[in-house]
Structures are given as C-alpha cells and as structure tokens.
Amino acid sequence: MTIASSNGFKRVESVSTAKSINGNENNQLETRPDRNTQNGHQPNLQPPLEELNQEMINAVSTILLGVGEDPQRE
Numbered sequence: 005m006t007i008a009s010s011n012g013f014k015r016v017e018s019v020s021t022a023k024s025i026n027g028n029e030n031n032q033l034e035t036r037p038d039r040n041t042q043n044g045h046q047p048n049l050q051p052p053l054e055e056l057n058q059e060m061i062n063a064v065s066t067i068l069l070g071v072g073e074d075p076q077r078e
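Residue numbers for the sequence shown follow this note's numbering, beginning at 5 and rising by one.
If you are wondering where the hints come from, they were derived from the structure by calculation, not from laboratory data.
Do not take every clue at face value.
[Said to hold, decoys possible] Here are the simulated distance ranges between beta carbons:
1) R39 with G70: 29 to 35 Å
2) Q76 with H45: 28 to 34 Å
3) I67 with Q42: 31 to 37 Å
4) G44 with R77: 27 to 33 Å
5) Q32 with P52: 34 to 40 Å
6) L56 with R36: 24 to 30 Å
7) Q76 with E55: 17 to 23 Å
8) P75 with L53: 17 to 23 Å
9) L68 with T35: 32 to 38 Å
10) E55 with R77: 21 to 27 Å
11) T41 with L68: 33 to 39 Å
12) S65 with T35: 35 to 41 Å
Even glycine gets a Cβ: it sits at the ideal position worked out from N, Cα and C.
The whole structure should be built from the sequences, with the hints applied where relevant.
If you want it as structure tokens, here you go:
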C-alpha cells in the first residue's frame with residue numbers, strides 16, 4: 005500500500021502564518037465583506053412572507069413523511 009506522504013517528497017512541518025501580498029507577516033486576516041451588504045451600506049433583509057413560510061412548513065412536512073417520521077411530533 006502506498007501512503008500519500010511517501011511519494012518522494014520530504015515531509016516539512018507546516019507553520020500557519022498569515023502574510024500579506026507583499027510578503028510581510030500580518031496577524032489579522034482580511035475578511036470578505038458580508039454578502040448582504042453592498043458598498044458598505046446596511047443590509048436590506050426582508051423577512052419571508054407568511055405564504056412562503058407556510059410553503060416551507062409544508063415542504064419540511066413532506067420530507068419528514070418521506071423518511072418515515074411524524075411531522076406533528078414535538
């Protein structure tokens with residue numbers, strides 16, 4: 005059996021350090037902006053409508069019935 009680490013490469017201990025593009029060490033990683041925001045504005049989140057909520061409840065009930073569970077149990 006061949007082990008992945010025995011394919012001719014020397015094993016080197018990895019050290020996890022964050023480096024910026026110019027190679028300087030940086031302790032803080034730059035994060036991506038939230039997908040719900042645009043150009044720094046607050047997100048415009050809309051709660052689901054009651055009709056959509058009932059559709060989701062029905063879909064979950066269908067899935068539970070399909071796997072043999074009782075959708076009405078607590």
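Evaluation of the provided hints:
1. R39 with G70: 29 to 35 Å: Distance hint for R39, G70 holds at roughly 31 Å.
2. Q76 with H45: 28 to 34 Å: violated, 43 Å
3. I67 with Q42: 31 to 37 Å: At 34 Å between Cβs, range holds.
4. G44 with R77: 27 to 33 Å: Since G44 and R77 have Cβ atoms about 46 Å apart, the given range 27 to 33 Å is violated.
5. Q32 with P52: 34 to 40 Å: holds, 36 Å
6. L56 with R36: 24 to 30 Å: Holds - the Cβ-Cβ distance for L56 and R36, about 28 Å, lies within 24 to 30 Å.
7. Q76 with E55: 17 to 23 Å: Holds, since Q76 and E55 (Cβ atoms, about 21 Å apart) stay within the stated range.
8. P75 with L53: 17 to 23 Å: Holds: the Cβ-Cβ distance is about 22 Å, inside 17 to 23 Å.
9. L68 with T35: 32 to 38 Å: holds, 37 Å
10. E55 with R77: 21 to 27 Å: Given range 21 to 27 Å: holds, Cβ gap about 25 Å.
11. T41 with L68: 33 to 39 Å: At 35 Å between Cβs, range holds.
12. S65 with T35: 35 to 41 Å: About 38 Å separates the Cβ atoms of S65 and T35, which means 35 to 41 Å holds.
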